[in-house]
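Going line by line, the protein sequences match chains A and B. Mapping of the first sequence onto my numbering: residues 279 to 460, in sequence order. Mapping of the second sequence onto my numbering: residues 39 to 195, in sequence order.
Derived from the structure by calculation, the hints contain no laboratory data. Any given hint could be a false lead.
Mimicking SDA-like on lysine to any residue, the simulated pairs with C-alpha atoms at most 20 Å apart in a straight line are [claimed, not checked]:
id, chain 1, residue 1, chain 2, residue 2
1, A, Lys370, A, Gly326
2, A, Lys456, B, Pro87
3, A, Lys456, B, Ala83
4, A, Lys370, A, Arg339
5, A, Lys373, A, Pro412
6, A, Lys354, A, Glu294
7, A, Lys440, B, His40
8, A, Lys354, A, Gln312
9, A, Lys440, B, Leu56
10, A, Lys456, B, Pro57
11, A, Lys456, B, Ser90
12, A, Lys456, A, Pro412
13, A, Lys440, A, Asp429
14, A, Lys354, A, Lys372
15, A, Lys456, A, Arg405
16, A, Lys372, A, Pro411
17, A, Lys440, B, Pro57
18, A, Lys440, B, Cys41
19, A, Lys456, B, Leu78
20, A, Lys456, B, Glu82
21, A, Lys354, A, Lys370
22, A, Lys373, A, Arg413
23, A, Lys440, B, Leu78
24, A, Lys456, B, Asp85
25, A, Lys456, B, Ala79
Computed spacing ranges between beta-carbons, pair by pair [what the hints assert, rightly or not]:
id, chain 1, residue 1, chain 2, residue 2, range
26, B, Arg62, A, Ser438, 15 to 25 Å
27, A, Asn298, B, Arg75, 55 to 65 Å
28, B, His45, A, Gln398, 22 to 32 Å
29, A, Gly427, B, Thr46, 18 to 28 Å
30, B, Phe113, A, Arg348, 16 to 26 Å
Among the chain B residues that face chain A by a calculated CB cut under 10 Å, a handful are [unchecked claim]:
id, residue
31, Asn43
32, Arg47
33, Leu48
34, Ala50
35, Leu56
36, Pro87
37, Met105
38, Phe113
Every residue gets a Cβ at the ideal spot worked out from N, C-alpha and C, and that includes glycine.
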Amino acid sequence: MPDRSRSQLPDEVLLEASGNGDRQAFGELVRRHQSWAWGVACRFLGSGNDAEDIVQAAFIRLLGASGRYRRTARFKTFFHVIISRLCLDHAKRKKTEQADDYPELADSSPGQEEALIMNQNAARVRRALDALPPRPRMAVVLRYYEGLGYDEMAVVLETSRKGVERLLSRGREALRDKLGSR
Amino acid sequence: MHCRNCHTRLSAYLDGELPEREMRDMERHLDGCASCRERLAGLEALDAPLASLSIPEMPGDLGYRIMARASREYFDTPKKGGFRVIARRWLGSTATASALAAGLLLGGLLGWNSHGNPVSERTMMQTEKTVFASLSAAPGGSIEAAVLAGFSDGGRL
Ligand SMILES: [Zn+2]
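Here chain B stands alone, though its shape is the one from the complex (with noise of 0.2 Å):
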């Protein structure tokens, strides 16, 4: 191993995260460079400045203020393109959800929105489309798969 390859490894090998072959190779390495086990060294040496770094106190009321703002943006508001609350806007708080989706499948309804507009079965469709594909959205096995399913939906969190 040359010595520009141990230094782009010497990271890692530090964390044990490199596989086990390539930490054998570092290791050999190391034993007969005097140069990169300095450098390790020089790595190993900021586990004390990085542990020295304080940081300010936690406001008191910082749970507070997240609850708060939390009742203000989510538990206060309705969803938008929420099925339950589209179907309650639409057809008053008694309909189900069900019976929006038999209307729509049987053609005959007419949604309108709580400002007596006409919404077209098109939009209707198209918001229930999206609702029943996001429950079933279904990950792979992998964490990272499954995280960014989680965030496939238009991309922001």
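In isolation and in its complexed conformation, chain A is listed as follows (with noise of 0.2 Å):
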């Protein structure tokens, strides 16, 4: 594939050149979609050094995966699906991490991230996030910081509609009660 042309290319043709072997259509991905994978990430996960392991793999895995990706769906939303179930396996892990060895961790690590974080105001969003169960998390970024509709929603949580519904409704019900917004 000429140089030039990818850069023009769909991702979805890129990732079957990538999954084929072709470094510069993945290197194309990367460059394309590396900055939101890394928003979703730090957003859901609350840390900069997490997040960065989760980007990493996730494209790793988007590559491990291009053979069995279908163009029927959209790139965006398959890697998505990708990203969204690392962190969720990353939360899971944490807390069970947590449970086992380090009770007391929780709330006490803000350090460097708290450094990250611009005023007092986002450093209560964040506990307010933090504070949130994985799935209503992932379900409440999707929605305020990446867009999504509930139909994409649905199949990057791998639930229903009704489903997304009751995880976004409980997330701003528990964040409204934290953030004391009315």
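Bring the two chains, given one by one in their own frames, into a single complex with the hints.
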């Protein structure tokens, strides 16, 4: 594939080429999508270090799954599924680790992350998000920051539209209680 | 509509994601119910704080590190179970996949892998079946079916 053409090709074609060993096609996908992938992981996890691991792993999984990708699914939906699964698995693991080994750690490791948060208000939002169970939290991230509709969210969160409704409703109610608006 | 039913739908109402009829029912109820309107306003008021959430800047070399890892773990690694890779390992780089398939059909070929161990014909047939099955897997019409079809291979992405 000639170099210049890659930047004009749709994601779906680039993914297939990547799966067939075209590094530059994959490089173009990374260039296009790393930034929002970073956003999803950071907003869900609240930590840049963890987010970097997740984003790297997500792109590697994307490559590994490229052979099973069908063009009837939007690339972005496909990649959202991968990232949110990794994030949710990470949250599950972290919870188990904390429950097993570090019962005190849950709310007391601001340090580096806190330094990155611009102001107190944002820190309050961060804590409120962190307090949400993983799936409602991911629903909030996908809706507020990724602007996904319920149909797409249902695919990404592997549930029904009703399931999405419930997750978002639960997340919002909890956020409202924490953030004390009204 | 009871307030309790209204509460559970407020979030979807806010997103305009309810069926048209339910949207109208909600509007009617909200018109006459100050307490549910207040609850709705509480959800709407989340927009501002959520928008204020900042995230750390993306590391400038993230893309580079992804590419390095992709090279290590994918591009420079032979694909496990890949038909052409297996054919090459067994028969040397000049053999084609079709030669292997023909050999299998004749039943006269016993494969040897790169370590010199015999590979049973059954194993080879199974590999071939898997490869062709994955090639012909066709998803249904919906995004969901397509995505899930994409993930049905061992269930893990
Ligand atoms: Zn009411």
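Each hint tested on the structure:
1. Lys370/A to Gly326/A: holds (18 Å)
2. Lys456/A to Pro87/B: holds (11 Å)
3. Lys456/A to Ala83/B: holds (13 Å)
4. Lys370/A to Arg339/A: Since the Cα atoms of Lys370/A and Arg339/A sit roughly 19 Å apart, the hinted pair holds (cutoff 20 Å).
5. Lys373/A to Pro412/A: Between Lys373/A and Pro412/A the Cα gap is close to 10 Å, so the pair holds against 20 Å.
6. Lys354/A to Glu294/A: Between Lys354/A and Glu294/A the Cα gap is close to 14 Å, so the pair holds against 20 Å.
7. Lys440/A to His40/B: Distance of about 19 Å is within 20 Å: holds.
8. Lys354/A to Gln312/A: Cα-Cα ~12 Å, so holds.
9. Lys440/A to Leu56/B: Within the cut-off at roughly 10 Å; holds.
10. Lys456/A to Pro57/B: Status violated; Cα separation ~30 Å.
11. Lys456/A to Ser90/B: Holds, at roughly 15 Å.
12. Lys456/A to Pro412/A: Holds, at about 16 Å.
13. Lys440/A to Asp429/A: holds (10 Å)
14. Lys354/A to Lys372/A: violated (27 Å)
15. Lys456/A to Arg405/A: Measuring from Cα to Cα gives roughly 9 Å; hence the hint holds.
16. Lys372/A to Pro411/A: Holds, because 12 Å separates the two Cα atoms, which is no more than 20 Å.
17. Lys440/A to Pro57/B: Roughly 12 Å separates the two Cα atoms, so the pair holds.
18. Lys440/A to Cys41/B: holds (19 Å)
19. Lys456/A to Leu78/B: Distance of about 16 Å is within 20 Å: holds.
20. Lys456/A to Glu82/B: holds (15 Å)
21. Lys354/A to Lys370/A: violated (24 Å)
22. Lys373/A to Arg413/A: OK: Lys373/A and Arg413/A at ~13 Å, within 20 Å.
23. Lys440/A to Leu78/B: It holds: about 19 Å lies between the C-alpha atoms, which stays within 20 Å.
24. Lys456/A to Asp85/B: holds (14 Å)
25. Lys456/A to Ala79/B: holds (15 Å)
26. Arg62/B to Ser438/A: 15 to 25 Å: holds (23 Å)
27. Asn298/A to Arg75/B: 55 to 65 Å: At 56 Å between Cβs, range holds.
28. His45/B to Gln398/A: 22 to 32 Å: holds (30 Å)
29. Gly427/A to Thr46/B: 18 to 28 Å: holds (19 Å)
30. Phe113/B to Arg348/A: 16 to 26 Å: holds (22 Å)
31. Asn43: violated (12 Å)
32. Arg47: holds (7 Å)
33. Leu48: holds (7 Å)
34. Ala50: Hint on Ala50/B: holds, closest Cβ of chain A at ~5 Å, below 10 Å.
35. Leu56: Where the cut-off is 10 Å and the nearest Cβ of chain A is about 8 Å from Leu56/B, the hint holds.
36. Pro87: Holds. Min distance 5 Å.
37. Met105: Given a least distance of 6 Å, the restraint on Met105/B holds.
38. Phe113: holds (6 Å)
Checked against the numbered hints listed earlier, the structure breaks hints 10, 14, 21 and 31; every other hint is satisfied.
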